[in-house]
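Protein chains: 4
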Amino acid sequence: MKTVAAALGGSLLFATAALAQAPTWSPPDPSQRCPSKWGPNDERGSMNRQTAAAVMNAAKLIKTGEVIELGHVLGDKMPFFGTRRFDVHIKRTFMNQPSNRRGSNEEIVISEIGQVGTQFDGFAHQTHRNSHYNCFKTEEIAGRGLFTKLGIQNAGAFITRGVLIDVAGFKGVEMLGDNYEVTVDDLEGALKKQNMTLKAGDAVIVHTGWGKIYGKENARYVKSCPGLGVKAAQWIIEKNPILLGADNWPVEVAPNPDPQLSLPVHQLALVVNGVHLLENMKLDELVQKQAYEFAFMMQPLKIQGGTGSTVSPIAVR
Amino acid sequence: MKTVAAALGGSLLFATAALAQAPTWSPPDPSQRCPSKWGPNDERGSMNRQTAAAVMNAAKLIKTGEVIELGHVLGDKMPFFGTRRFDVHIKRTFMNQPSNRRGSNEEIVISEIGQVGTQFDGFAHQTHRNSHYNCFKTEEIAGRGLFTKLGIQNAGAFITRGVLIDVAGFKGVEMLGDNYEVTVDDLEGALKKQNMTLKAGDAVIVHTGWGKIYGKENARYVKSCPGLGVKAAQWIIEKNPILLGADNWPVEVAPNPDPQLSLPVHQLALVVNGVHLLENMKLDELVQKQAYEFAFMMQPLKIQGGTGSTVSPIAVR
Amino acid sequence: MKTVAAALGGSLLFATAALAQAPTWSPPDPSQRCPSKWGPNDERGSMNRQTAAAVMNAAKLIKTGEVIELGHVLGDKMPFFGTRRFDVHIKRTFMNQPSNRRGSNEEIVISEIGQVGTQFDGFAHQTHRNSHYNCFKTEEIAGRGLFTKLGIQNAGAFITRGVLIDVAGFKGVEMLGDNYEVTVDDLEGALKKQNMTLKAGDAVIVHTGWGKIYGKENARYVKSCPGLGVKAAQWIIEKNPILLGADNWPVEVAPNPDPQLSLPVHQLALVVNGVHLLENMKLDELVQKQAYEFAFMMQPLKIQGGTGSTVSPIAVR
Amino acid sequence: MKTVAAALGGSLLFATAALAQAPTWSPPDPSQRCPSKWGPNDERGSMNRQTAAAVMNAAKLIKTGEVIELGHVLGDKMPFFGTRRFDVHIKRTFMNQPSNRRGSNEEIVISEIGQVGTQFDGFAHQTHRNSHYNCFKTEEIAGRGLFTKLGIQNAGAFITRGVLIDVAGFKGVEMLGDNYEVTVDDLEGALKKQNMTLKAGDAVIVHTGWGKIYGKENARYVKSCPGLGVKAAQWIIEKNPILLGADNWPVEVAPNPDPQLSLPVHQLALVVNGVHLLENMKLDELVQKQAYEFAFMMQPLKIQGGTGSTVSPIAVR
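Chains as they are written, first to last, in numbering that gives the first Met the number 0: chain A, 0 to 316; chain B, 0 to 316; chain C, 0 to 316; chain D, 0 to 316.
Just so you know, the hints here were simulated from the structure itself, not pulled from any lab data.
Virtual Cβ for every residue (Gly too), placed ideally from N, Cα, C.
Be aware that one or more of the hints could be misleading.
[Stated by the list, open to error] Here are the simulated lysine-lysine pairs, DSS-like style, with alpha carbons at most 25 Å apart:
#, chain 1, residue 1, chain 2, residue 2
1, C, Lys230, C, Lys170
2, C, Lys198, D, Lys62
3, A, Lys198, A, Lys59
4, D, Lys198, D, Lys62
5, D, Lys76, C, Lys148
6, C, Lys59, D, Lys59
7, D, Lys136, B, Lys136
8, C, Lys148, D, Lys215
9, C, Lys191, C, Lys238
10, A, Lys222, D, Lys76
11, D, Lys230, D, Lys170
12, B, Lys288, B, Lys215
13, D, Lys76, A, Lys76
14, C, Lys62, D, Lys59
15, C, Lys215, D, Lys148
16, C, Lys136, A, Lys136
17, C, Lys59, D, Lys62
18, B, Lys222, C, Lys76
19, B, Lys76, C, Lys76
20, C, Lys76, D, Lys148
[Unchecked claim] Listed below are several chain D residues computed to face chain A (Cβ distance under 7 Å; list not exhaustive):
#, residue
21, Arg91
22, Ile109
23, Ala141
[As the list claims (entries may be wrong)] Sample of chain D residues lacking proximity to chain C, with all beta carbon distances greater than 10 Å (derived):
#, residue
24, Ser30
25, Cys134
26, Gly171
27, Met174
28, Ala199
29, Ile212
30, Ser223
31, Trp234
32, Gln289
Generate the whole structure from the sequences, applying the supplied hints.
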């Protein structure tokens, strides 16, 4: 069994330590979560909640025409996780010959563009072993260069109600602790204080305050962060959101308090439930304006077969 | 003077042919167009027309919550102009060690991402000699890797009234000719037939039908195209639009009927007037549904110092 | 068994057809070929034959100082296998400020640089299932970004006797057929005609004539090619060469006459025997000058953890 | 004149300081150095000294077959000047379908590959204003993506006598000072101590000891360095070498003691005299073995239109 388990997937590292106790969570067996409630061929997961009704509900929230930007600028001050980068190289100006002397400039961009800046995670991005959302298998859908199923081009535009759950505000701090786990009590308490309830189709956005050090203390930013624990994420997911977002790099608390788990909320959301994640959000203006409810709008790039997309989402009210 | 002019900018090609007659248009002397009406330091041009009022006017047009995608998928069937590309390379799956066996996939994207697919042009992209919009000079703003002024990160989100001018429909064809110049009469005639008038702040989108061969006859798609002539572009620009868009690669007719001009509307819009361009739009659904008026929404990537951004704009009504 | 087989390695495609007869060759079980004759930790394979004696033997062959280039220029006319590319983007000239007005130019190169142009294959490049040369396992040596064992930086410089086996000349043609399999008889016949025998440590180079269409009929060049069959390759390998080279893209005949085999000589050489391959050689001058024996010199780039390197090898005599 | 001069070339930065005294050196007016002694169309400069005789002279020096590597490994510990990089991304293993289960790995490399690691500079790399070696003009030879003249593919292979001038050893130190200027006296003294004289066609390699901190103190390595002053470089160049090399990043002292000059030896060698430079050499083994005279061999990549090439040169004796 160990040999089979070891061989699965791409590059596997063997866990050899004897485990004294079971992990506090484990992903369900694929048979228990597939097929998806949206059908055995569904590739869109929670995007199925993006309906005309969701658009109308969001439009109703537009009272003054104010637009609040929720995305960071893509540039050299971004924190990067691991070996990722965002390189821009301006090419030589090309001066066209005809009499109007038109000069043309462009740049080549080299980046894991689905996984940098304010980023939107799709379902090709994560697996449990070799199994993605709706039990698509990595070896079957990873083609030469791109994924043949679950690509981010399936997402489409978001226009839905956005809800900001200001957990840091609820806890009376500007920024939660470097490794603070947001609990169900935190979420319930913050929503109650904001006099709000979650509804199906919401873009649920958690404010941890961690975004305060984005672009300022990048090494610390990516080393750990406060965020949703498994139970809190489960609690939100049961309310059928269209996505979970936060102003940290993984939405969830990292590392997880349980050392036997690696980013379990990524699996819980993306793999088990087909719920999208939105990371590295810029929430300072939203929080400062106490804009807890708004029309949330986002347009992921339609990268065919991509695992995600950097985005420039907005709140409108 | 000619020697100085020749030396300016990047790589210049000298026009040596004796010209028998003057070109039909020439860009005005920079002194005549600068400073911009929005001030000597303005970097945003027509985006200054994106106001709260524009948002409210757009929101009023949302009646049913229908969303129509106006952007093409970014993939290997895209037509590319010149040497541009859009390459995607999936990296090896990284299997994390802890017990929940979380596999992680991502890809590296290499592309002139401001100039591929459905693309939004900024003001760093084009010049007259070495002079950009609002007379910023290329040699002064082109840093190592990116532009220090006029970067696309200045644009922000678009939410405004969108107007589709169906010129192909007005002419009774599915697709205008390979090199057809759209005239002022065409625009006036189409708008009259649609019973509409342009207003300040509109995203003005012209349907040429050329998008029909996008991804199908790519060599033909990029070789030439129908589009706005200088006079027609000037006519729209006088109505203070926020952008000009079309379902071809340069918005304007190419090559220009006057062989002495290279894409003059690019200069007229981007350089002279600070009006954005939106190219390679996907208009088939909009046209088929006769959706001539709608809320136009677009979120360019905030690429610091970038010349443009690929985008996934939508029409909502 | 199928499940285990399926799980091994990266992305596996299942062979479902019932096989009426066995393939004409199959790679030996790893236990039969490991450890390598050079020891269980050896990463260098046939490069172990690059000794001071080999250098002296090569130096003895330098009689006139004539240098014949055996590598193609790396540029836009190269044939590419699959999705590979070689893109070059000149950056903007950077003009330094001090009085000597020093301008500096450079370009960014984006390429599978181990697998384009005249290319030298290393041992990280190929496997039998998940097993490389000397039974290193892919999942154990493929790190984030590069291979931690078997990297091409281990190769070092080649200076050894080079032998050209002019099979096309022996068969009386300029170019062997599009799918011609070079046999043991062909090799023996050509060597006999050239009045030569192979010695241990030789760089053995086969002339098929296929290089004639390199850069001229690229689609045909990569579609198939004449080259070594399994038996012929085995015959050479038994003589302990330092590498096998040819003027085609895989050294061996492709596709293999046995449809159940995919590039078996790649496995026979790189995986089973630890013998390097050198592809896409430029042999026209060598052949025209009837230079069958020469000092062969090659300097692979020391790309840490790389699978191969483009090279500019030479023949000196 | 100053205005015209300022406008020439790519991005120019204006020198505004009033200069109290003249710089200690200035590049000659182009008319004084063109055409090259090798003719008005020559693109190869000092490579014209690579003759059959040079090969034979080098071959004579091969006494024992010992090979000493002079190039660094290309990897993540390399120092980079400016914004350059060397990124390697392994792609997913591709497992071929036929029965021999052949897995294939490759990586994409993204780098200014002419300007990283042990690097060989060509003549497209540097200018005086807009003028290259042999008075080719940047705007005339910089095409879309690559240079149409002076490309590094013109260089070809080096096999010539190599001479190590151990200046650090002559001065009795392991490493010269962070900003030490090597003088004519230093060169003459070291050569005399080594009982050697320079000859035409030599690859002249200077040991400063700076290579000791390569990959160890990278920030310090690129911040400044000991190296040839203008007079010392001029002294060597008058002896008609094929290249100047050193174990630092610019061969010359940096910054130059004269603050009005930016890397003048680059101009003196590459632009004025058409002599190649070889930077970031690994000389520790050569020095430790006191190998002052040897066969120098180097094979630049034939990057069409490239400004330089990373290389893996060797010393053989």
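Inset, instruction - For the pair supplied as a hint, Lys136/C and Lys136/A, confirm whether the alpha-carbon distance does not exceed 25 Å. - result: Status holds; Cα separation ~22 Å.
Legend entry - Outside-interface status for Ser223/D - nearest CB in chain C farther than 10 Å: holds (15 Å)
Legend entry - Agreement of Lys191/C and Lys238/C with the hint, judged by alpha carbon distance not exceeding 25 Å: holds (16 Å)
Legend entry - Pairwise hint evaluation, Lys76/C against Lys222/B, where the allowed Cα distance is 25 Å at most: holds (21 Å)
Inset, instruction - Quickly compare the C-alpha distance for Lys76/D and Lys76/A to 25 Å and report which way the hint goes. - result: holds (22 Å)
Legend entry - Agreement of Lys198/D and Lys62/D with the hint, judged by alpha carbon distance not exceeding 25 Å: Holds, at roughly 20 Å.
Inset, instruction - With a cut-off of 25 Å on the C-alpha distance, tell me whether Lys76/D and Lys148/C pass. - result: holds (17 Å)
Legend entry - 25 Å Cα cutoff - pair Lys198/A, Lys59/A: Holds. Lys198/A to Lys59/A sits at ~15 Å (cutoff 25 Å).
Inset, instruction - Compare the distance between the alpha carbons of Lys76/B and Lys76/C with 25 Å, and conclude whether the hinted pair is satisfied. - result: holds (22 Å)
Legend entry - 25 Å Cα cutoff - pair Lys230/D, Lys170/D: holds (18 Å)
Inset, instruction - Could you let me know if the closest chain C CB is still more than 10 Å away from the CB of Ile212/D? - result: Fine: 19 Å to the nearest Cβ keeps Ile212/D off the interface.
Legend entry - Straight-line alpha-carbon gap Lys62/C to Lys59/D, limit 25 Å: holds (11 Å)
Hint compliance for this structure: no hint is broken.
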